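Build out the structure end to end from the sequences listed, making use of the hints.
So the protein sequences, as listed, match chains A and B.
Start counting the first sequence at 13; every next residue gets the next number (the working numbering).
Start counting the second sequence at 90; every next residue gets the next number (the working numbering).
None of these hints come from the bench; they were simulated from the model.
Values in this document were obtained by computation on a predicted structure and should not be read as measured data.
Mixed in with the good hints there might be a few duds.
Derived DMTMM-like pairs (lysine to aspartate or glutamate); straight-line CA-CA distance at most 25 Å [claimed, not checked]:
id, chain 1, residue 1, chain 2, residue 2
1, B, K252, A, D111
2, B, K131, A, E107
3, A, K132, A, E74
4, B, K260, A, D111
5, A, K323, A, D298
6, B, K131, A, E114
7, A, K92, B, E129
8, A, K20, B, E165
9, B, K252, A, E107
10, A, K112, B, E129
11, A, K112, B, D256
12, A, K94, B, E129
13, B, K260, A, E107
14, A, K113, B, E129
Derived contacts from chain B toward chain A, CB cut-off under 10 Å, selection only [said to hold, decoys possible]:
id, residue
15, Y116
16, A186
17, L204
18, D222
From the three backbone atoms N, C-alpha and C, an ideal C-beta is built for every residue, glycine too.
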Amino acid sequence: MIVFALVKAVLVVSAIAAALAAVLVVAEAFLRNYGPCKITINDERELNIKGGDNLLSVLTAEKIFIPSACGGRGTCGLCKLKVLEGAGPLLPTEEPYLDKKEIQDNVRLSCQVKVRNDLKIKIPEELFAIREYTARCAEIKDLTLDIKLFRFELTDPLQISFMPGQYVQLLTPVYEKSSEEVYRAYSVASDPAQKNIIDLIIRLVPGGICTTYCFEYLKVGDEIKMNGPYGEFRLTDTDAEMVWVAGGSGMAPFVSILYEMRNSNNHRKAVYYFGANKVEELFLTDQMKQFEKDLPNFKFVPIVAQPGEGKNWDGETGLVTQAVQRNVKNAGDCEGYLCGSPGMIDAAIVVLKKLGLNENKIYYDKFA
Amino acid sequence: MNISDQMTQAFIVCISAIFTNNILLSYFLGLCPFIGCSREMKASVGLGLAVIFVMTCTCLLNWLVYHYVLAPLSLEFFRFIMFIIIIAAFVQFVEMAIERFSPYLYQRLGVFLPLITVNCAILGASLFMVIRDYTFIVTIGYGLGSGIGWFLAIIAMAGIRQKLSNDSIPKGLQGPGITLIIAGIMALAFIGFAGVLAGQ
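Put into C-alpha cells, the structure is as follows:
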C-alpha cells in the first residue's frame, strides 16, 4: 500500500512538472525567439547570435569575459559596458548602479540588457582583450644558465593587443611532474606592435611546476594556452624622468616598454639599473646598447654584484640598490619602475624613498 | 456559505492581510528583496506591483492544483514542492509573455519578475491559504491583500530610506542594518492595526 502511494505520488508530481516544463519549452520556442541578431563590438568585431538571452551570457558564450560577481542577477553592478544602439530604455533594475555621467554615456548593466535586436556595444579595450590564446612555441633561446627567452606565435586568435608592461598567464598542462593544470604569470617582453608574437623571459625555479615544464618539456612547435593580458604596470602619461630597477627575469616588461618607446618616438629620460650576481648573468646587453643608440635619453646601467677575479668588468659593482643610491641625484623629480623578486622590490622601494622619491610614484608588479 | 457571504469574507481577509496580518511586517516573509530593492522608489513600486500580480495569480493556481489534484489523490504533503514548481513556471512564463508583447510593461514590471521567483512571501501566501482553508473566492481576496500589504510595506520603506539618504547614519548601521531596524519599528506600528479588525 505504501509502495503504491509512493509510486502514485512520484508519478503525479513528475507528470505535473513535465507538463509545466513542456509548456515552458513551447513558450520559449515561440515567445523567446527573436531570430538572429547581430552584435557589433567596438565597431570592429561582429557576433551573429540567436536573440532572446541577456547580453552578459551571450558575451560569455562567445568567450568575451565581462566581470560579474552575482552571476547576472543585477545585484553587483559590475558588468557595466556601453550599449550605443538597440538596448531600449534604461531599466529600473539598472538605475541604482549607474551615476548620472554613466547614464549619459549609455552605460548599461549587461546582465539586464536583453538581446532582442541588433546591438552596438563598446567594451573597454582591456576587457575585450582579456581572453584565452592558443600559441605555438616558435623559439627557445638561452639567455643565461637559468634564464631562457620563449617566443610564442599566436594561432588562435592570431593577434593580441597589450600595453607594454602587462603580463599573461601561461597554462601549464598536466605532465609527468604535475597532476594538475596551473597558471603562472609572466610579463610580456615582446614588441607590442608585433601583435602575433609573445616573448616571455623565464627563469628556472628549482621545483617550479611551470618553469620546469617550460625548461625540460616544452619543445619548439608545441602548442600552449595562455590568457591575458593583465596588469596595471605601465608607463605613466607624464614626462617625468624615470628610474628603472630590475633583476633577472624582471628584464621582460622593460624590453617591451623600450620597444614601445622606440615605436612612438618617446624620448623620456630613463635610466635602467639592471642587477646580476655575475658577469655571465647579464643578458640582452647588445639589445640594450641598440636601444641606447635609438633612444638618446635612455641609459642602461648593468651592475654586477661579484665580478670575480680575472673577469673583464669595468662597470658598476655591488647590489643594484647600492648603484641606485650612488647614482640617482634628483629622485624627487623621478618616477620609479621596479620589476624583479619581491626581495629586490622591497629593497628598492626603501632606497628610492630614502632618496626622496614619492612612494605614490613607484610602480611595480610583485610576482611572489 | 453562499457567494455573497464569501465575498464579504474575502473583503475582510483582504483588508486584514494588508494591515493587521501584513505578510512582510507580521510574518517577516519576503525580506530579501524588501531590503535589497527598497533603495529607490521607482524600483520599489515596480517590484511591489509585480508581487501583487504574481501573488494573486499563484495563490489561485495553487488553490486549484491543491483542491483538484493533490487533495483528491491525498497528496497534500506534496504541496511544498508542487507550489514551488508552479510559482517558478508561472513567473517564467509571464516574464516571457510580457517581454514579447508589451515592452512598456516589461520595463516597468517584467524586469522584476525573476527576482521574485524565489520570494518566500509568494510561497508563504499559498501555504497560509491552505492552512486557513480558504475558499476560492476568499483566496482571491487573500492573495490580493497579501500582495498589496507587501507593496505598501516596501514603498513605505523606500520613502523612509529616501529621506534617510541625506542623514548621517553611523557607519556600522548603514544599508541593511538601519533598514532592518526601521522594518522592526514599522512592524510595531502595524501592530496598532490589530485591534481594528478581527476577521481571520
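Against the structure, the hints:
1. B:K252 with A:D111: holds (19 Å)
2. B:K131 with A:E107: The hint holds at about 9 Å.
3. A:K132 with A:E74: holds (16 Å)
4. B:K260 with A:D111: This hinted pair holds, its Cα atoms lying about 22 Å apart.
5. A:K323 with A:D298: holds (18 Å)
6. B:K131 with A:E114: holds (19 Å)
7. A:K92 with B:E129: Status holds; Cα separation ~20 Å.
8. A:K20 with B:E165: Given pair A:K20, B:E165 holds - Cα atoms ~13 Å apart, limit 25 Å.
9. B:K252 with A:E107: holds (18 Å)
10. A:K112 with B:E129: holds (15 Å)
11. A:K112 with B:D256: Since the Cα atoms of A:K112 and B:D256 sit roughly 21 Å apart, the hinted pair holds (cutoff 25 Å).
12. A:K94 with B:E129: Since the Cα atoms of A:K94 and B:E129 sit roughly 23 Å apart, the hinted pair holds (cutoff 25 Å).
13. B:K260 with A:E107: holds (24 Å)
14. A:K113 with B:E129: Judged against 25 Å, a Cα distance of about 18 Å means the pair holds.
15. Y116: violated (24 Å)
16. A186: holds (6 Å)
17. L204: holds (8 Å)
18. D222: Not OK, violated: B:D222 not within 10 Å of chain A, min 22 Å.
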